[in-house]
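K.L.:
Sequence:
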Amino acid sequence: MNKSVRILTESAVLIAAAVVLSMITLFRMPLGGSVTPFATLPVIMVSLRHGTKWGVAAALVFSLTQLLLGFANVVAVPVKTVWNMALCAILDYVLAYGILGTTGIIAHWFPRPMIGITMGIVVTGLGRLVCSFLSGLLIWSAFAPPDWPVWLYSLSYNAAWCLPDVGITLIACLLLSRVPAFGLLPADQKE
0 MNKSVRILTE SAVLIAAAVV LSMITLFRMP LGGSVTPFAT LPVIMVSLRH
50 GTKWGVAAAL VFSLTQLLLG FANVVAVPVK TVWNMALCAI LDYVLAYGIL
100 GTTGIIAHWF PRPMIGITMG IVVTGLGRLV CSFLSGLLIW SAFAPPDWPV
150 WLYSLSYNAA WCLPDVGITL IACLLLSRVP AFGLLPADQK E
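According to numbering that gives the first Met the number 0, the sequence shown is numbered sequentially starting from 0.
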């Protein structure tokens, strides 16, 4: 089988797994954001196994499925303008999930694979948090309690779901990286 066809097929299966896992929530925040059983891990696996080009493509496809599934959040923005809805779609979906595709390239900056995987997931997880934080500042600020600074509300709200989600994904990925069949570590860099 052609290598590109094999990678495309594997990516499609992993994206489908990510979508299914995203529908299982361990905790859901009232205005969006949830902790899932490592829904982003399959997308991260594409990036680690096949590089940035495939990882970003898989992440963008996953982001679009999440956008379609979460479209109610986009139309629920407090100030209903095309600009706010587009900004919500871009920040909360396309960029927040699209950044996951860069996990592999970040991981390869580090000589020790386990440290690379850890840093890749942490950096892209923080990137997701930054996207959601900016969305909270620019779009969802109307929900901030009156006695809270908007930046603190946005950071607290988004960290409450994003950090546990990243932590669960990190633990799962580190455990799976110990299983050679998953191919998350290059053969010449097994720890």
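Treat each hint with caution, since some may be false.
Stated by the list, open to error - Only pairs whose alpha carbons sit at most 25 Å apart, straight line, appear in this in silico SDA-like list of lysine to any residue:
id, residue 1, residue 2
1, Lys79, Leu13
2, Lys52, Leu151
3, Lys2, Ser33
4, Lys79, Leu151
5, Lys79, Val93
6, Lys52, Thr101
7, Lys2, Ser155
8, Lys79, Ile104
9, Lys79, Leu63
10, Lys2, Ala56
11, Lys79, Leu66
12, Lys52, Leu63
13, Lys52, Asn83
14, Lys52, His107
15, Lys52, Lys79
16, Lys52, Pro29
17, Lys52, Ala143
18, Lys79, Arg5
19, Lys52, Ile6
20, Lys2, Thr51
21, Lys79, Lys2
22, Lys2, Ala71
23, Lys52, Arg5
24, Lys52, Leu175
25, Lys2, Gly69
26, Lys79, Gly69
27, Lys52, Ile104
28, Lys79, Leu90
29, Lys79, Pro112
30, Lys2, Ala88
31, Lys52, Leu67
32, Lys79, Ser33
33, Lys52, Met113
34, Lys79, Thr64
35, Lys2, Leu67
Bear in mind the hints are in silico, worked out from the structure with no lab data behind them.
K.L.:
Could you run down the list of hints and mark each one as holding or not?
P.N.:
Consistency of the hints with the structure:
no., hint, in the structure
1, Lys79 <-> Leu13, "34 Å, violated"
2, Lys52 <-> Leu151, "35 Å, violated"
3, Lys2 <-> Ser33, "35 Å, violated"
4, Lys79 <-> Leu151, "23 Å, holds"
5, Lys79 <-> Val93, "19 Å, holds"
6, Lys52 <-> Thr101, "9 Å, holds"
7, Lys2 <-> Ser155, "44 Å, violated"
8, Lys79 <-> Ile104, "37 Å, violated"
9, Lys79 <-> Leu63, "21 Å, holds"
10, Lys2 <-> Ala56, "16 Å, holds"
11, Lys79 <-> Leu66, "17 Å, holds"
12, Lys52 <-> Leu63, "17 Å, holds"
13, Lys52 <-> Asn83, "29 Å, violated"
14, Lys52 <-> His107, "14 Å, holds"
15, Lys52 <-> Lys79, "35 Å, violated"
16, Lys52 <-> Pro29, "34 Å, violated"
17, Lys52 <-> Ala143, "38 Å, violated"
18, Lys79 <-> Arg5, "43 Å, violated"
19, Lys52 <-> Ile6, "11 Å, holds"
20, Lys2 <-> Thr51, "16 Å, holds"
21, Lys79 <-> Lys2, "45 Å, violated"
22, Lys2 <-> Ala71, "38 Å, violated"
23, Lys52 <-> Arg5, "15 Å, holds"
24, Lys52 <-> Leu175, "22 Å, holds"
25, Lys2 <-> Gly69, "33 Å, violated"
26, Lys79 <-> Gly69, "16 Å, holds"
27, Lys52 <-> Ile104, "10 Å, holds"
28, Lys79 <-> Leu90, "16 Å, holds"
29, Lys79 <-> Pro112, "45 Å, violated"
30, Lys2 <-> Ala88, "33 Å, violated"
31, Lys52 <-> Leu67, "23 Å, holds"
32, Lys79 <-> Ser33, "23 Å, holds"
33, Lys52 <-> Met113, "22 Å, holds"
34, Lys79 <-> Thr64, "22 Å, holds"
35, Lys2 <-> Leu67, "30 Å, violated"
Hints 1, 2, 3, 7, 8, 13, 15, 16, 17, 18, 21, 22, 25, 29, 30 and 35, counting from the list given before, are not met by this structure.
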